[in-house]
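Okay, here's what each chain looks like letter by letter:
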Amino acid sequence: MSSIEQGLVLMLVGVAVVFIFLVILVFITKLLSYVVLRYFPEKEKPAPKKPSAPAAGSRDAEIAAAIAAATAYSKR
Amino acid sequence: MSSIEQGLVLMLVGVAVVFIFLVILVFITKLLSYVVLRYFPEKEKPAPKKPSAPAAGSRDAEIAAAIAAATAYSKR
Amino acid sequence: MSSIEQGLVLMLVGVAVVFIFLVILVFITKLLSYVVLRYFPEKEKPAPKKPSAPAAGSRDAEIAAAIAAATAYSKR
Amino acid sequence: MNIANAFQEFWNATGVMNFTIGQLVMILVGLVMIYLAIAKKYEPLLLFTIGFGAILANIPVAEISGPEGFLGIFYQAGIANGLFPLLIFMGVGAMTDFGPMIANPKTLLLGAAAQVGIFIALLGALVLDMFPFISFSLADAASIGIIGGADGPTAIYVTSQLSMRLLGPIAVAAYSYMSLVPIIQPPIIRAFTTKKERVIKMEQLRHVTQLEKILFPIAALALCIVLLPTATPLIGSLMFGNLAKECGVVNRISDTLQNALINIVTIFLGLAVGSRMEAQYFLTFETLGILALGLVAFGFGTMTGILLAKVMNKFSKEDINPIIGAAGVSAVPMAARVANKVGQEENPHNFLLMHAMGPNVAGVLGSAVAAGILLAVVPILM
Amino acid sequence: MNIANAFQEFWNATGVMNFTIGQLVMILVGLVMIYLAIAKKYEPLLLFTIGFGAILANIPVAEISGPEGFLGIFYQAGIANGLFPLLIFMGVGAMTDFGPMIANPKTLLLGAAAQVGIFIALLGALVLDMFPFISFSLADAASIGIIGGADGPTAIYVTSQLSMRLLGPIAVAAYSYMSLVPIIQPPIIRAFTTKKERVIKMEQLRHVTQLEKILFPIAALALCIVLLPTATPLIGSLMFGNLAKECGVVNRISDTLQNALINIVTIFLGLAVGSRMEAQYFLTFETLGILALGLVAFGFGTMTGILLAKVMNKFSKEDINPIIGAAGVSAVPMAARVANKVGQEENPHNFLLMHAMGPNVAGVLGSAVAAGILLAVVPILM
Amino acid sequence: MNIANAFQEFWNATGVMNFTIGQLVMILVGLVMIYLAIAKKYEPLLLFTIGFGAILANIPVAEISGPEGFLGIFYQAGIANGLFPLLIFMGVGAMTDFGPMIANPKTLLLGAAAQVGIFIALLGALVLDMFPFISFSLADAASIGIIGGADGPTAIYVTSQLSMRLLGPIAVAAYSYMSLVPIIQPPIIRAFTTKKERVIKMEQLRHVTQLEKILFPIAALALCIVLLPTATPLIGSLMFGNLAKECGVVNRISDTLQNALINIVTIFLGLAVGSRMEAQYFLTFETLGILALGLVAFGFGTMTGILLAKVMNKFSKEDINPIIGAAGVSAVPMAARVANKVGQEENPHNFLLMHAMGPNVAGVLGSAVAAGILLAVVPILM
Ligand code: NA
Ligand code: NA
Ligand code: NA
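Chains as they are written, first to last, in this note's numbering: chain C, 20 to 95; chain P, 20 to 95; chain L, 20 to 95; chain B, 0 to 381; chain W, 0 to 381; chain S, 0 to 381.
Since the hints were derived computationally from the structure, they do not count as laboratory data.
Using N, Cα and C, we set each Cβ at its ideal position, and we do this for glycine too.
This list has only true hints and no planted wrong ones.
Each pair of labels, with its calculated beta carbon distance range: (1) P:59 with W:291: 49 to 55 Å; (2) W:250 with S:251: 19 to 25 Å; (3) W:62 with C:39: 23 to 29 Å; (4) S:279 with W:17: 50 to 56 Å; (5) B:251 with W:17: 31 to 37 Å.
One chain only, chain C, in its complex shape:
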């Protein structure tokens, strides 16, 4: 097979697979958006998420408090 023929094969496979791949990705993306928007709609604000999971959500605040305490302590 001449190299030009190889090139044509490569082109066909290439263009086909690029399109197949991205067409599938279009459907996956649509499906994903559908599922998310229908079953996991975003709460009005992301903030309220935290109170519902205080153990995890307030962790940063806790660290901040600890650091503040430590800083105050070490600067005494």
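Fit chains P, L, B, W and S with the ligands to the supplied structure of chain C, relying on the hints for placement.
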């Protein structure tokens, strides 16, 4: 010697040395604090330390001045 | 040739070339300054340079606008 | 050895006495690249570092790009093994917002269409192979074609795997044409669209939720794993960065990828790529062919992107301005900004930027996919 | 080769056609780790990067964790030689405040007591060795035990020196249990303390001067040099970072260790550790054993820490709340925060955080010392 | 093996049982360096890291500076191949303002004159070679001489190319004397200038345009390429950083060179240099000779700089305060600040800082040029 026996030896050596090490470190730390607090007590503020060693202490100020001068100069 | 003699040769070559190099650099620097100051004098402010090359100059502003738009969009 | 001899020997080791014409030409090329970076702001980060690397690589005697020179060390550390482009891709991922694409997934197809330029240029390289003084294997042709992906790291990665000897000219062509997108694309856009098409307004994009943005990189990577494992180093790195950014819990990583790490790697990558521009490898007819084919690739990619957008506009219920098809070549974010600008020339109140960002980031995926195909199929065919 | 053949060959190289069940399972494991990192914020920096590395390592065909894959390159560059955990330790040192420990040096003993878990798990591994399908050498057992040190970099460093093949499961166990400390420790604390003990208030800690903080890392390193040279890479790196922070004259170094460098290394380390989670090495009975032993180690360490704290409370003239003994396992700063929280459950006005930081950082020293002992004695015994 | 044996073996592997006197001495030397860095702020970034490296390198048993130790890895990664000093030079370039030198190009000559100290020390080393217990080849002598360049990265680079075994003492001498410039230079300045000369006021420097600052690094590199290719790694790195800073379009690169990259490399370089201070290589008569010759080099360089400045003052139409000649040794920016301070001692209203910055940065060029000559000529002579 079976591997369990080896493990027991390792455990004994390990626990013993960990404790020996940290017990010594307790004494070193206490000694160190004693010496520092007794012979090198902290001045009221760390700031006054600088005037007592002007050659080294004012170096940063000097650099800052130099940079300020250089900036002023090059922005002219 | 003894190593001291080699050292003397090295010293002579070294000092000579360092001076030759930097003397040439003095002249190059003077020439460069002469040409720049004579033929490419700095405009009063570097800012006005941008309007004269809007395609390139306003690129940052364009990006900033795009980012602002994108941010506004994604924060909606 | 007397003192006169020493001076003589020293003189024999100066640059003056050891220059080849080719080295002088390449140093000039490096200076031109630096000039374009500084004065024209063309892809300044890359053209500046590559240009400087080209200068250093062509200094006689010093062998800075040799295996013991410092550019040679950079090259071995991250170009020969494909590491640096992947690290850059992590940073790119952490800076990419797939939101506009998720809001309008159809635009993914435009990112596919614009990759046709890659394969046109690949064919072109095989045609040029028949000319005297030019010899391109299939692997060479594939590496040349990927210039049409309009994505620097992808081009460098593919070339490092398939056709190392052409790394210099391919990387230079890729970054140069990426920087020239504002000059290359507008006439092509105007040639293949009517004024009526160019004034089309597009509906505002819907809001995309954080959860969609978190799930998209995972879904895209999953598809890539299933269908195209050879593209997973590229897509995986991209999605690692993107997920790090979107998930919101690893900001230290996301910030590092976008700043310290990508900046350091850019310096090393640029200099190392420049070091592949040694005169004896760069000043060949093949380089001329590569530069010509790169332009062909960009042109055809722009055209096929636009043409598909026109077709989609016909068949879609929402209006699609065909200009945004040109952004499918990638060259993020330049191509999207060009699309926006051409659109505003016809109607100053038409803001296409966000709509063009969809095909634009889709083009990055598209060229990574094309890269994966080349990496998978070329070894089979050869 | 005709076009149908080419598609056939391409299809044969897809992920679909090359997956093993094990790889699918491991990709799922990686996804779970990423889920825990994002949704539960469990050690997000590490679980995110390790999880992503695990996914990439189990992609068929791509061989990303092989010697030429980019994860394999990270692995060789910094895990196989123990470099990355030491760089992390420098950063940890630059972020650690030994002040609370210097103010109350007795807490060092709690950092010692909680290391007993290491040796219990080590023994446990040797017992499991007698079961079929499980084979743990003494070096393996030592590496498994160090999970009980509750310190990721220490675990990775020891395992890289003694028992490389178990790196994946050991690192995963170490970081997972570190992130699960808020779930593992509270019931153990409650089981081994009375309500009366848990409400004990502790005296406020005295102020520690800068000179003490400067001299402590030097003194601790000196002791380590004299008594336990095999621990000096770990303790030396830790104290390098700590002294850089405390001395106040090399802020550029201290800032770099705490930010740019530790962030970059965390990315590389996490991905490289994840790359050791290839299905064929990870999905074994030994991994199950390691996960079980890790939990044993954490549990026993917590218990022995508490028990010594109870004893000390009996004999010390100042009151010691036994809860803070649990913080001796290290897992900085999680274990100290857990101690604080459990304390506040009984008495909301009881602030144990700073008191628990003493045993907490002592635990880091304690596990580094234990690591040094294992590195010194295991080669003698084998 | 019973338990007593195990303790015995453990004891035999402690530091106590394996120390050599030399290692103790070197650990003390490391502590002194750290003390000087912290308490006296003498070149703290380098003396701190080198000192810490020296301590780690002299720990018995641990072999931290061996080929598999982490300091040995740093050493191989960036000192043995000359990479780290070049990266530092990029950062130095990005922090250097050649403006004062461009405004007054004559000061370049002072940067030349002060390099005479290099060659005096080189000769001195060859004289010492005739003494018993001391053996310096021509390459050794050249590396020792470069201490007089008063520029750490240049000294490390030259030594890594010519005389690796002396890297420890040469780097220590270079950085120590650089930090001692405020003590070494003032008496020499006073000895070779009259009070009348020291009060000379200099005309304010003219404004230098951005274009001049952009073209200067290119011009200087061009000259270096033509005349002295062996200096192009150093000068090229310096000018890469400087052009990145001055051109204004690659601020990401310039910032990275000045911060993240130079800080990370400084840590690695300092520790790796310290690792070359192992007792058996460092505690020799040759080290004493190197320390002595380094002082000679600094002294003579200061003197020749001043003497040329005096001559230039005689023949130049503008006034030149000879003090600024001392700044030609480099040691940026310490030497310029010393010149300023000595000037103000005579006349508090005489601000020489900006005038001394010219010779100061010229000294960096001068020592890089001298380095290039040594690298070019020494291999010819040997
Ligand atoms: Na593309
Ligand atoms: Na621990
Ligand atoms: Na100098």
